[in-house]
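Protein sequences, first through last, are from chains A and B. Going by the numbering used here, 42 is the number at position 41 of the first sequence; the sequence numbering is gapless. Going by the numbering used here, 164 is the number at position 162 of the second sequence; the sequence numbering is gapless.
Rather than coming from a laboratory, the hints here were simulated on the basis of the structure. All residues carry an ideal CB built from backbone N, CA and C; glycine is no exception. A hint or two may mislead.
Quick list of the computed label-pair ranges, beta carbon to beta carbon [stated by the list, open to error]:
| # | chain 1 | residue 1 | chain 2 | residue 2 | range |
| --- | --- | --- | --- | --- | --- |
| 1 | B | Ile146 | A | Phe119 | 43 to 51 Å |
| 2 | B | Thr222 | A | Pro72 | 50 to 58 Å |
| 3 | B | Gly346 | A | Glu62 | 48 to 56 Å |
| 4 | B | Val7 | A | Leu109 | 30 to 38 Å |
| 5 | A | Lys125 | B | Pro237 | 22 to 30 Å |
| 6 | B | Asn238 | A | Ser492 | 49 to 57 Å |
| 7 | B | Gln247 | A | Glu467 | 32 to 40 Å |
| 8 | A | Lys508 | B | Ile146 | 18 to 26 Å |
| 9 | A | Ser127 | B | Asn238 | 38 to 46 Å |
| 10 | B | Arg6 | A | Leu109 | 29 to 37 Å |
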Amino acid sequence: MDNSEGYAIELRGIVKRFPGVVANDGIDLKVRRGEIHCLLGENGAGKTTLMRVLYGLYRPEEGEIILNGQPVHMTSPRAALNHHVGMVHQHFRLVPTLSVEENIVLGLDEGTGPFVNFRKTREKISSIANEYGLSVDLQTKVWQLAVGQQQRVEILKALYREVDILIMDEPTSVLTPQEVDQLFTTLRTLVDDGLTIIFITHKLDEVMQVSDRVTVLRKGKVVSTLPTAETDKPTLARLMVGREVVFRLKKGPIKRREKILEVNDLHALNDRGLPALRGVSFDLFGGEILGVAGVSGNGQYELAEVLTGLRKSIKGRVFLAKKEVTNCSAREMNDLNVAHIPAERIRMGIVPALSIRENLILKKYRRPPFSYREFLDNKEIEENAHRAMSDYQIAAPSYETPAKLLSGGNIQKVILARELSENPSLIVAVHPTYGLDIGATEQVRQILLAQRERGAATLLISEDLEEIMTLSDRILVIFNGEVMGILDAESADIEEIGLMMAGTRHKGEEL
Amino acid sequence: MKRRVGFKVERRPVASGRVVFFVSLLAILAALVVAGIFFQIYGVSPIRAYQLILRGSLGNRFGLAETVRRAIPLLLCGVGLTIAFRALFWNIGAEGQLLMGAVAAAGVALFSGLPGPLLLPAMFIGGFLGGAAWGLIPAILKVILGLNDVITTLMMNYIAIYFVEWLIHGPWKGPTARGFAYTDTFPRAAWLPTLYGTRIHWPTLVLGLVLAVVMYILVTRTRSGFEIRVIGENPNAARFAGISQLKTTLLVMLISGGFAGLAGVGEIAGIHLRLLGPTHISMGYGYTAIIVAWLARRNPLAVIVTSLLFGVIMAGGDVIKVSLGLPFQLINVFNGLILFFLIGSEILLRYKISFFLRR
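Bound-form chain B, shown alone:
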């Protein structure tokens, strides 16, 4: 008698928190294994590479600080995205919203002439509004004209990227930048304080943590949060209950775009101190934040953990560049793989697969 392994697929009524955790872990492990192939192609043992990444991003003070500073923009963008995704608005445009937040804040820093203590608050407000405005355009286009949000938010990124390029090569190019495509350095009053000896601009970090908690309360305890969840879980029932799609969509994109804008403020006021090339400002934080929000299963509090995880990965990118001489872009491959396996693993949340021996 030959024995072989059979399997059975069954629908899962509700996935428990434990199942969600282990399935997510499984997705990350699968991504690690496949990314290992790429390290192998470069002739680097994947195990050694992962050891180096872990040691470089968590094993010392400098690495830890870099992990946290990478996590800050991911936290802000990610928290905002959980809200948009909850309402089924597919905001792929956090990258552009971040840049427009940076542009607005740079404008305030360079040209407002506000007195010292008012400058940073004004930059954060301006940055929020800049990001929010950039996010509200696709929201309005979707609700009024029915345009696909994935396409419009994505395309708005490119407009933002080239707008920044134009500014720093053109009208905002700094007289003191000696021909480089930068703006002038911001006045001292526009610099965010950092933790001693690191690049952790802590006010932005605190803001991100507070907003994560506030958004959790919004989702679970308020009318608007209830409306967001109803629209996201069943748009037909929302219509039936008289919930306004316009109002809710505008609200989630105000939040999502605005938070990405705040992340942009943190980057230029905390790290770069000037407006510079878009790839230097962001390094794809807005895209990575999509994965951060998704891995957090759209829970704003869980974003605190997942943004740190991706902070590790991004800090690890610096390690593989410096210690192994491999391109930083490998990190993007890795991020892509995580998202790929994460979405693929959703089927395991809905179905249970059990194996058994059969004759």
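Pulled out of the complex, with its shape left as it was, chain A reads as follows:
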């Protein structure tokens, strides 16, 4: 069946350039009707760009898009929807204050004149939801939904628009293992019903689990397209990175030292004023990494903010090296040598318009040698930049380069260089490798392990369970602001962690 008849999508020679990069460099892609086709590649390989071209968000400089044998012009997402192509973005495009059904019909002409006939639309939504097991309450406001449910709304939105082709951009990054299984079941049902699905991911397990065929992208080019059944993880990893990948980090045995951090019955509110932490307690020792696992939005970010002085707790106490530090300010925590690698590295971790040199002293500019009284010592600041750029292998033309021009990996290295240069006793690291390519991820993890070796106490908050499992000595699972249990990482079982992330309390002994 190798004629164009069997292909739902054919992309020919797609070229898309951005200033300084060729995101898609002559990409050919054929997707068969009724298959789940994975697009696999590292961050920056051009997966999302390619799909945005297909969905009409970007106009390619060169190339053709052929749907079901017909060349088409994708000038806008609306054109894409008219051709029955839908996309579920990594970051959902929903209006939080509107209800589920309002979000689903938003932008469509349902009913007469300015009025929406909700009785009719409701019927149609319900029948789609029932057919594919996508149950969600239509009247609920979207902001009240869990992330997994919001994703269902996005899928429903696409199905309501009668798409034949559904693009899913890294759909699993916000889900628990159980929710991932559920999603995969749904996707299977959809494909059995004749839909074609393109699934963007950088996780090899998912490719093996869900796809029929896989196309590997690297640096804007197609490396290979393979039937999933005829390949394996090491092969795909090699294709994706372009070299052999060693999946082993050098992690020495734990050398637990004195207690560094003690958290007792900590309570805090989130930005909306609702309880985010409800009585969190744990100890953290020098020389160990404590991983915090949990689905996004269960209090882990508030925990990081309270511990770094960015958020006030309303109850409970925190001790750092036996000294009480409850509700100290960010500046005080910083002066106590607590390092913070923030979740949103560009929004919080750097000042994009300032140079690397200036970003490297963001927390140290008040102290000698970088300033005396009111005046900054530019010579020291430059030397510091030199040192940091060579120690942490920050790739940039010079230390005067604005931080916003750096790649994600280099931005993260600037942050690590700044936060870790004074040998902190406590490191609060949130998503330290999120969005980084394999090379940079490896480097960042090595740096964290070296800090552990040195004796630092690290609290590692991440949504990447694999990362938590590989780096942590103990794993704390958080759900709805409460600790579901603390497990030994050596013997922890991913199924059990998954259940705890969904709210089941740990049965065994507490560590």
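Assemble the complex: chain A is given as a structure, and chain B must be docked to it using the hints.
What follows is chain B alone, placed relative to chain A:
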């Protein structure tokens, strides 16, 4: 085959100094073209009008002097505003801060009874404090209550304007002013020296130039300057780094309000020699200074150039009034257009637009 012009919009990573210069120039030219329409409506050829303005403001000694004397308050207010804008505090209230500086200085001049040589320094200190106090009120309201700085600084202008009106019609109305709404003329010791035969009160000018340099050093070389830039470029990172928003906001408004207050001192001690109607004291210097600071792209040193440019425009206003019999307010239309195009042109700093022919 039909050919047509296509265009492409691309993100610009960083705008170079040259790009900034040419884009700013483009904005001014666009304002000149549109303002030309207004001259045309009045039946005056825009080219002739612009020739007259240039000749009248730069072409002779008198015009040059008027340009410089208009530039002095713009320089002081503008330098202060660059600091506030750097910290993302939208101070629209330089006009009111200028007036309150003038009020404080007039109070010192009329009622302090200080001996001669101390009087002028005391007026400058008083004027600085008056303007600063007026600027600190919105700063405190913003940091503590979260009130919008644009609204509060703007409204504080009106309070200042009517406060001045009340003073000169009421308690401070001068016994020797023969019924006019003025205060008495200040004693001789409160008069600023001027360059011979002009109205350039040079001590204020020197003060403005020195402060422009000092503020440049503050922004680029000091801890406080670093904090101001971090808060302005990324408030979240500032919070993350433990930089106090309260302290920094108070500092920038102390500077911004205080400098506007100094401008007020210069106007009444150098030109009018008494406190009089608010529109006579200021002619909208505080508002024009917003454009001056913006055109300087928030660089205190560049304000020296942009304040002179607007000095030309304001001196040109006198020319079109006297030579062409047109209303001075046309200048405000022109200023508004410049700001309009300046803000509109910011998109060109972030994106590059290139044209090409396509078939």
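Subject >> Hints violated by the structure (listed by number, smallest first) >> reply: 3, 5, 6 and 8
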